[in-house]
Amino acid sequence: MKKKGNKKEVMLHRNILILFLLLLGVVILLSAIQKIQTWQSRGASISQTSSSRVSKSKLGVFITDATEGARKIVEAGPRVIKVLNPNGNPGLQDIIRQYKTAYPDGIVVVRFWVPQAVQYDEGFVPEEAAEDFWSRFLLPGVSSLPVDVRSKIDYLNGTNYIENFSWNTLETPSHQEWFSRFWVKLSDLIAENGFKPNVGEFYVAGLDANHIDGIVTMLEKAKSDSGIWSYHGYTVKYTTNPAIEKDFSLHYRQFYDYIQTKYPDLSSLKMLLSEGGVDCEGRKTDGWNGSDPPEGDRLHDYCTAKDDTEAGGRKLSRGNKEDFIYWLKWYDSELQKDSYILGITLYAIGLSRGDSGELEPIAEWLAQYLKDQGSSTSDGDLTPTKKPACIPNWCVIEDSPCCFDPMCIFLGSFGYNADRCSR
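Sequential numbering of the sequence shown, starting at 1, is according to our numbering.
Hints in this document: simulated from the structure, not taken from any laboratory.
You may find that some hints are simply not true.
Listed below are the simulated DSS-like cross-link pairs for lysine-lysine, each with C-alpha atoms no more than 27 Å apart in a straight line [what the hints assert, rightly or not]:
| hint | residue 1 | residue 2 |
| --- | --- | --- |
| 1 | K72 | K56 |
| 2 | K262 | K284 |
| 3 | K72 | K315 |
| 4 | K315 | K329 |
| 5 | K371 | K56 |
| 6 | K72 | K306 |
| 7 | K246 | K306 |
| 8 | K246 | K321 |
| 9 | K321 | K371 |
Just so it is clear, the structure is predicted and the values come from calculations on it, not from any experiment.
Turn these sequences into a full structure, and let the hints steer you where they fit.
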């Protein structure tokens, strides 16, 4: 006669086997989903080109929406693209996937828009303000992105210059120190969570060489975190005259002249011109496709060249497509002279109707221009890429997401690269 204990033991073994098979089925399903996502990404609408190298041109684009023109430009392989708020826009997420699939050496910069109503004053401890900014705005932004998109971000923005600081200037040493301490802490937070910082986002004419001493600590921190710093490369007087543009679209050269003399170790810190094009005072009519301030306007002399000589040989006018193309070719030729410049993300494509900076009307020209310049022989001048860390409870497996954190160790037992998971 069989013992009852043996029957119970058989039932227990059977239940364990069933549970094991069910868990194995889950693993196989997750793996299949992962592969499908990868195939979908690789089969995306931006086609593979004969070369995976980015363009030799340093002209890139700031993308605010996934328009037809944006896709054409990205398909042409710019060195760098900047994407605004991809967390709420599946089309922008696809553009990031497609760009990095076609051009692995291309540079992706992401910015999450923060309302200017959010203000930190000098009463805030800078480090605490940085922690608040990270936890309220950047962390939710990156956390809401699919993991395969997060992993393709090269640089992450913070504040847009001093838009979120109530004093709205960097003229005083105390403001410079506060700004620098804020960015040192924010760079740390960005780097600790697996990204590289893009610090500064200085407005055109918003920084001078004599401010460098007050912010050198944040620049040193950016370099140590494999980050970059950024300036806005706008022409205001709309010229191709370097003597005029040294105070505007080429103003960054004065920074590097100063740095190379006083802080030579920082000379290798790369800069991105993270916005750029034609502007005057930021009004919707001030862009390349707008209109020049008329005579008698308080900004006429400031925002228009008086003649061909001051303009650099050809007087340019807003509202003229050929004039803008002429300026872009000139500006690209100037950027090529400066090895420390990664490129420029022209502002912008996907803007609201009526904004005269909208690039959609020149998208086909820009895409063809990027192709015509040929492929870069460099890798896009990327600073060293760190292994992506996991923002709490992320787990990256074979470059695809496993968002069920308790599964990480279990999946590792089936041969997955579980040691890539950071906790």
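Outcome of the hint check:
As the CA atoms of K72 and K56 are separated by approximately 17 Å, the hinted pair is consistent with the 27 Å bound. A distance of roughly 40 Å separates the Cα atoms of K262 and K284; the hinted pair therefore is violated under the 27 Å criterion. In summary, the hint linking K72 to K315 is not supported, as the alpha carbons are separated by about 30 Å, beyond the 27 Å threshold. Restraint check for K315 and K329: the C-alpha separation of about 15 Å stays at or below 27 Å, so the hint holds.
With a C-alpha separation of about 9 Å, the suggested pair K371 and K56 falls inside the 27 Å cut-off, and the hint holds. A threshold of 27 Å between alpha carbons decides the hint, and for K72 with K306 the separation of about 36 Å lies outside it, so the pair is violated. Between K246 and K306, the direct Cα distance comes to roughly 18 Å. Compliance with the 27 Å bound is thereby established for this hinted pair. Among the hinted pairs, K246 with K321 is consistent with the structure: their alpha-carbon atoms are about 24 Å apart, no more than 27 Å.
The hinted pair formed by K321 and K371 meets the criterion: a straight-line CA distance of about 20 Å does not exceed 27 Å.
Of the numbered hints given earlier, the model fails hints 2, 3, 6; all others are met.
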